[in-house]
Amino acid sequence: MRLGLVIDLDVCVGCHACAIACKEWNASGTIGPLSDYQPYGAEPSGVWFNRIRHYEMDEYPNNKTVNFPMSCMHCEDADCVTVCPTGASYKRAEDGIVLIDQDKCMGCNYCSWACPYGARELDRSSGTMKKCTLCVDRIYDQELPVEERQPSCVLTCPAHARMFGDFDDPDSAVSRTVRERGGYPLMPELNYNPTNQYLPPRRKPVIPVETQPKGGLKESIKQFANKLVRR
Amino acid sequence: MHPAFSVIFFTVASGAGFGLFSLLFIADTFKLGGGFTPVQIVIGGIVALGLIAFGLLSSTFHLANPKNAWRAFSRFRTSWLSREGVFAVVFMPLALIYLASIWFEAPLWLRETFGLLSAVLAWITVFSTGMIYACLKTIRQWNTPLVPANYLALGYASGSLLLLLGAVIAGLDTTPYIAMSALIVSIAAVLKAIYYFWIRSPGLTPTINTATGLTRAKVKLLDTGHTHGTFLTQEFGFQIARQKAGLLKVVVFGLGFALPGLMLVWVFNAQGGQAAAVVAACAGIAGAAVERWLFFAEARHVVNLYHGAQRC
Chain A
1 MRLGLVIDLD VCVGCHACAI ACKEWNASGT IGPLSDYQPY GAEPSGVWFN
51 RIRHYEMDEY PNNKTVNFPM SCMHCEDADC VTVCPTGASY KRAEDGIVLI
101 DQDKCMGCNY CSWACPYGAR ELDRSSGTMK KCTLCVDRIY DQELPVEERQ
151 PSCVLTCPAH ARMFGDFDDP DSAVSRTVRE RGGYPLMPEL NYNPTNQYLP
201 PRRKPVIPVE TQPKGGLKES IKQFANKLVR R
Chain B
1 MHPAFSVIFF TVASGAGFGL FSLLFIADTF KLGGGFTPVQ IVIGGIVALG
51 LIAFGLLSST FHLANPKNAW RAFSRFRTSW LSREGVFAVV FMPLALIYLA
101 SIWFEAPLWL RETFGLLSAV LAWITVFSTG MIYACLKTIR QWNTPLVPAN
151 YLALGYASGS LLLLLGAVIA GLDTTPYIAM SALIVSIAAV LKAIYYFWIR
201 SPGLTPTINT ATGLTRAKVK LLDTGHTHGT FLTQEFGFQI ARQKAGLLKV
251 VVFGLGFALP GLMLVWVFNA QGGQAAAVVA ACAGIAGAAV ERWLFFAEAR
301 HVVNLYHGAQ RC
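Protein sequences, first through last, are from chains A and B.
The numbers in my numbering rise by one with no breaks, and the one at position 188 of the first sequence is 188.
The numbers in my numbering rise by one with no breaks, and the one at position 258 of the second sequence is 258.
Calculated directly from the structure, the hints in this document are not laboratory data.
Just so you know, even glycine gets a beta-carbon here, dropped at the ideal spot from N, CA and C.
Be a bit skeptical, because a hint or two may be false.
Listing some non-contacts, in silico: residues in chain B with all C-beta distances to chain A over 10 Å [stated by the list, open to error]:
id, residue
1, 54
2, 56
3, 57
4, 96
5, 112
6, 123
7, 196
8, 238
9, 251
10, 293
Just so you have them, the derived chain A footprint on chain B, three or more residues with Cβ under 8 Å [as the list claims (entries may be wrong)]:
id, region
11, 62-74
12, 78-87
13, 136-148
14, 221-233
Please model the complete structure; the sequences and the hints are all you need to start from.
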């Protein structure tokens with residue numbers, strides 16, 4: 001198995017609900033808490049596994065805002081695991097999830113240097129590195145109904161911009177969607193072979209703005225009057 | 001990259017210590033300039049081991065959870081950080097046996113064997129320190145063979161200047177020590193110049209387009225999605241003005257290479273002798289520290305592409 005996420009950039013509305021749901025679940029999850037520093041102070045900051053950036057692509061009038069959620073890509077060739085000197089970082093053979101053993105981590109930050117996606121964040125209060133677990137404590141929980149055995153972020157997304165599944169199975173929903181929509185990994189040139197895939201924004205016709213109907217005589221007088229009277 | 005002072009002190013001090021120890025072995029084997037007395041070698045060796053030990057100790061200060069530091073020796077097969085720790089720890093007993101065999105006048109083969117072993121291990125350890133940075137694909141300014149070469153050259157340059165100071169204090173013939181220092185300092189200067197030339201060109205790096213996969217149009221960041229800094233911006237967001245970096249490069253070359261070179265001439269002409277050697281050693285090590293700070297400050301991690309950078 002190779003478990004991971006598909007994120008639809010065409011659909012994501014940038015509401016940050018995935019990040020909130022992630023924080024809510026994982027704060028009391030296997031590697032919680034996710035410490036906050038000055039949550040109500042002047043410089044609020046803290047540990048998050050999921051962060052959403054907002055980009056603009058192309059230029060007016062073809063410009064488009066792209067909301068960009070990012071979490072751990074659970075890479076096939078995860079350098080963060082290779083460089084870890086303590087053996088705290090590991091990649092599970094059975095499902096490809098990259099995890100950090102909180103009892104072994106010494107907080108040297110080296111794995112975060114090796115990660116190009118910014119997926120790893122140090123928790124200052126525990127002194128250990130933390131990252132997305134793909135809700136490993138949810139997806140295998142036999143107590144939950146089958147449809148809820150998915151990562152928190154996927155369950156909560158109101159726009160259904162996130163999918164979870166097995167990329168090793170060519171007939172899984174994630175594999176099919178990636179095939180059909182031309183899903184791609186981020187920064188493939190670094191050869192980390194990230195598992196998570198992104199679906200590109202669809203091309204949409206440009207809404208014309210120059211072809212508004214011209215006003216008649218009344219409009220011309222109004223414009224003339226506006227020129228005369230300085231506001 | 002955020003320049004952490006504990007790491008800068010560690011790499012500069014341990015580099016100088018390992019350099020001094022290996023060169024001390026060479027000076028002892030070939031009896032350079034008449035050769036040090038056993039007591040002088042042991043003192044020199046203890047200075048070198050002290051620099052290494054203080055460096056290693058200081059490196060644990062940047063750990064957020066130092067109680068697990070002992071586990072860092074466990075991933076020798078994959079991690080350069082682990083390898084560096086293992087080599088440094090293996091080096092210590094070998095170096096101590098070498099110093100003991102000098103102190104107790106052990107047979108020559110024993111002394112030479114352990115001297116050579118510890119000198120080679122010193123070399124490997126400094127190489128591993130460089131590889132910690134050079135193996136990271138995420139930072140173009142580090143991902144080059146020039147990085148371990150620079151670490152070795154600068155460590156041995158600092159070590160050779162310290163050894164010269166020792167030779168001056170011991171009243172030996174300084175000519176071979178001056179020649180050795182001049183050679184190593186020049187090599188270090190040339191390697192550093194190549195490195196600075198190398199990182200100046202843009203190179204084939206990830207861009208904001210490959211980072212987002214939106215490769216068909218211009219892409220710019222509108223919002224990072226957080227109100228204040230995060231771990232990522234604190235660790236990787238450090239930026240240095242181009243002008244300041246240029247000025248510091250002049251300091252690196254002036255303080256680290258030119259001034260020690262000038263002082264070598266003074267020592268050679270027996271002008272001021274000891275004072276000139278002290279200035280040479282201090283300037284060399286200070287130059288190496290500035291170089292190390294700049295090494296971190298100029299490194300641009302690709303995660304900055306998710307915080308507004310167009311390329312790294």
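Hint check:
{"no.": "1", "hint": "54", "result": "holds (19 Å)"}
{"no.": "2", "hint": "56", "result": "holds (13 Å)"}
{"no.": "3", "hint": "57", "result": "holds (15 Å)"}
{"no.": "4", "hint": "96", "result": "holds (24 Å)"}
{"no.": "5", "hint": "112", "result": "holds (33 Å)"}
{"no.": "6", "hint": "123", "result": "holds (21 Å)"}
{"no.": "7", "hint": "196", "result": "holds (22 Å)"}
{"no.": "8", "hint": "238", "result": "holds (13 Å)"}
{"no.": "9", "hint": "251", "result": "holds (26 Å)"}
{"no.": "10", "hint": "293", "result": "holds (17 Å)"}
{"no.": "11", "hint": "62-74", "result": "holds (count 12)"}
{"no.": "12", "hint": "78-87", "result": "holds (count 6)"}
{"no.": "13", "hint": "136-148", "result": "holds (count 4)"}
{"no.": "14", "hint": "221-233", "result": "holds (count 12)"}
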